[in-house]
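Chemist: One point on numbering: in the numbering used here, the residue at position 28 of the sequence shown is 28, and numbering is uninterrupted.
No lab work stands behind these hints, which were simulated from the structure alone.
In this text, all values refer to a predicted model and were calculated from it rather than measured experimentally.
A portion of the hints provided could be inaccurate.
Unchecked claim - Label-pair restraints from in silico Cβ distances:
#, residue 1, residue 2, range
1, ASP7, LEU47, 29 to 37 Å
2, ALA16, LEU46, 16 to 24 Å
3, ARG23, ARG2, 35 to 43 Å
4, LEU47, GLU21, 19 to 27 Å
5, THR18, LEU46, 17 to 25 Å
6, SER25, ASP5, 15 to 23 Å
7, ASP5, LEU47, 33 to 41 Å
Think of the CB as a built atom: it goes at the ideal place given N, C-alpha and C, for glycine as much as any other residue.
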Amino acid sequence: MRTSDFDYHLPPELIAQTPIEPRDSSRLLVMHRDTDLLEHRQFPDLLE
Numbered sequence: 001m002r003t004s005d006f007d008y009h010l011p012p013e014l015i016a017q018t019p020i021e022p023r024d025s026s027r028l029l030v031m032h033r034d035t036d037l038l039e040h041r042q043f044p045d046l047l048e
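Hey, can you work out the whole structure from these sequences and the hints?
Modeler: Take a look at the structure:
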């Protein structure tokens, strides 16, 4: 495996420049390792 295997294009306009308000509204991508299921969640959802 090479580090170049992890290179990808990320447009600068998609990189957050300031934190979202309120801070707990930040979005997360959660991967369930046992099923490889991906979920789009928000930070407060982690308590579930």
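Chemist: Take the hints in turn and mark each one as holding or not.
Modeler: A quick look at each hint next to the structure:
1. At about 35 Å, the beta-carbon gap between ASP7 and LEU47 stays in the expected band of 29 to 37 Å.
2. Taking 16 to 24 Å as the suggested C-beta distance range, the pair ALA16 and LEU46 conforms, at roughly 19 Å.
3. ARG23 and ARG2 have their C-beta atoms about 36 Å apart, which keeps the hinted 35 to 43 Å range intact.
4. Look at LEU47 against GLU21: about 20 Å separates their beta carbons, and that is inside 19 to 27 Å.
5. Between THR18 and LEU46 the Cβ separation comes to about 22 Å, which falls inside the hinted range of 17 to 25 Å.
6. For SER25 and ASP5, the hinted distance range of 15 to 23 Å is not satisfied, since their beta carbons lie about 33 Å from each other.
7. Distance hint check for ASP5 and LEU47: the Cβ-Cβ separation is about 35 Å, which falls inside the suggested range of 33 to 41 Å.
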